[in-house]
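Numbered by full-length UniProt numbering, the letters in the sequence shown go through residues 1 to 227 in order.
No wet-lab data here; the hints were simulated from the structure.
The reader is advised that the hints may include incorrect statements.
Just the calculated beta-carbon pair ranges, DEER-fashion [said to hold, decoys possible]:
id, residue 1, residue 2, range
1, SER59, PRO156, 35 to 41 Å
2, GLN37, HIS9, 28 to 34 Å
3, VAL163, ALA53, 38 to 44 Å
4, GLY11, THR206, 19 to 25 Å
5, ASN175, HIS9, 28 to 34 Å
6, MET85, GLU150, 28 to 34 Å
For glycine and all other residues, C-beta sits at the position ideal for the given N, C-alpha and C.
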Amino acid sequence: SLRAWRDNHRGRSLSTSLALYLNIFAQVLESCESLTQLGVVHYDLKLDNILLAPLGCKSEEEFWDPETESPPFACVVGDFGESKMLHSAEGVFSHRNRGTEYIKSPEMLTVSNASVKSRSSYDRRKRQGAGRPSDVWAAGCMLYELLVGEFLFYDPDWIRFFVRVTQPGQELLPNERVSRLENSAGMLEFLQYTLVRDPLHRPTMTDTRRRFNQLHKRANNPGAPLS
C-alpha cells in the first residue's frame with residue numbers, strides 16, 4: 001500500500017521528496033476522479049487503501065527508494081467495503097457512518113444526528129447524509145498524509161477532534177499542523193480549497209484535480225500564474 005511505502009520514508013525532510021510525492025498524488029487524484037465519473041463514492045480514501053503496482057523496477061530498492069521524481073509504480077484505489085454506487089440522478093448519499101474516523105468529512109461525522117427529525121437542527125429541505133463531497137474532503141486529508149506521513153486531523157482526544165472538524169468557529173488547520181508542510185508551495189492553498197466544512201461549497205473531484213494540477217505546475221515553476 002502507499003501507506004507502507006510512505007512509512008519507509010519516515011525521518012526524511014519533505015523538501016527532498018516533495019516532487020516525487022506530488023507526482024504520486026497526481027496519479028491518485030486521477031483514479032479518484034475516475035471513480036466519481038463511474039458513479040462510485042468510496043468513503044474511505046486514505047494511503048492504506050491506495051495499492052501500488054510496480055512498473056518495471058530493476059530492484060526492490062528502486063521501488064521503495066526511487067532516485068527520480070517519477071514514481072516506479074502505478075497507484076490503484078482498493079478496498080471498496082465502505083463504497084456506494086450511484087443508482088439515480090439524485091446522487092449517492094449515505095445515512096450510515098462509514099470510513100476511517102480521522103478522514104471523515106464533517107457531514108459524515110454528524111450523519112447519524114442530521115437525519116433525526118426530532119432534533120431542533122433538522123431541516124427537511126436539505127438532503128441529509130454524506131455523498132460525493134466526502135471523497136473530496138478525504139482527498140485533502142490524503143495529500144497531507146502523503147506529505148507528512150500522519151493523519152491531518154488525528155487527535156487522541158476524540159471530542160476535541162470532532163469539535164475541530166465539525167464546528168465553524170474552530171480553527172481547522174492549526175499552525176502546528178501547517179508547519180509540517182515546510183512551506184511547500186501551494187499545498188496549504190490546496191488544503192484550504194478542499195477542506196470546506198459545508199459540502200455544498202466544497203469543490204467537485206474534477207475541480208479538485210484541476211486545482212491540484214495548477215498548483216503542481218506552479219510548484220515546478222514558481223513564476224507560473226494560476227490559470
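Unsatisfied constraints (hint numbers, rising) | Going through the list in order, the structure violates hints 4 and 5 and respects the others.
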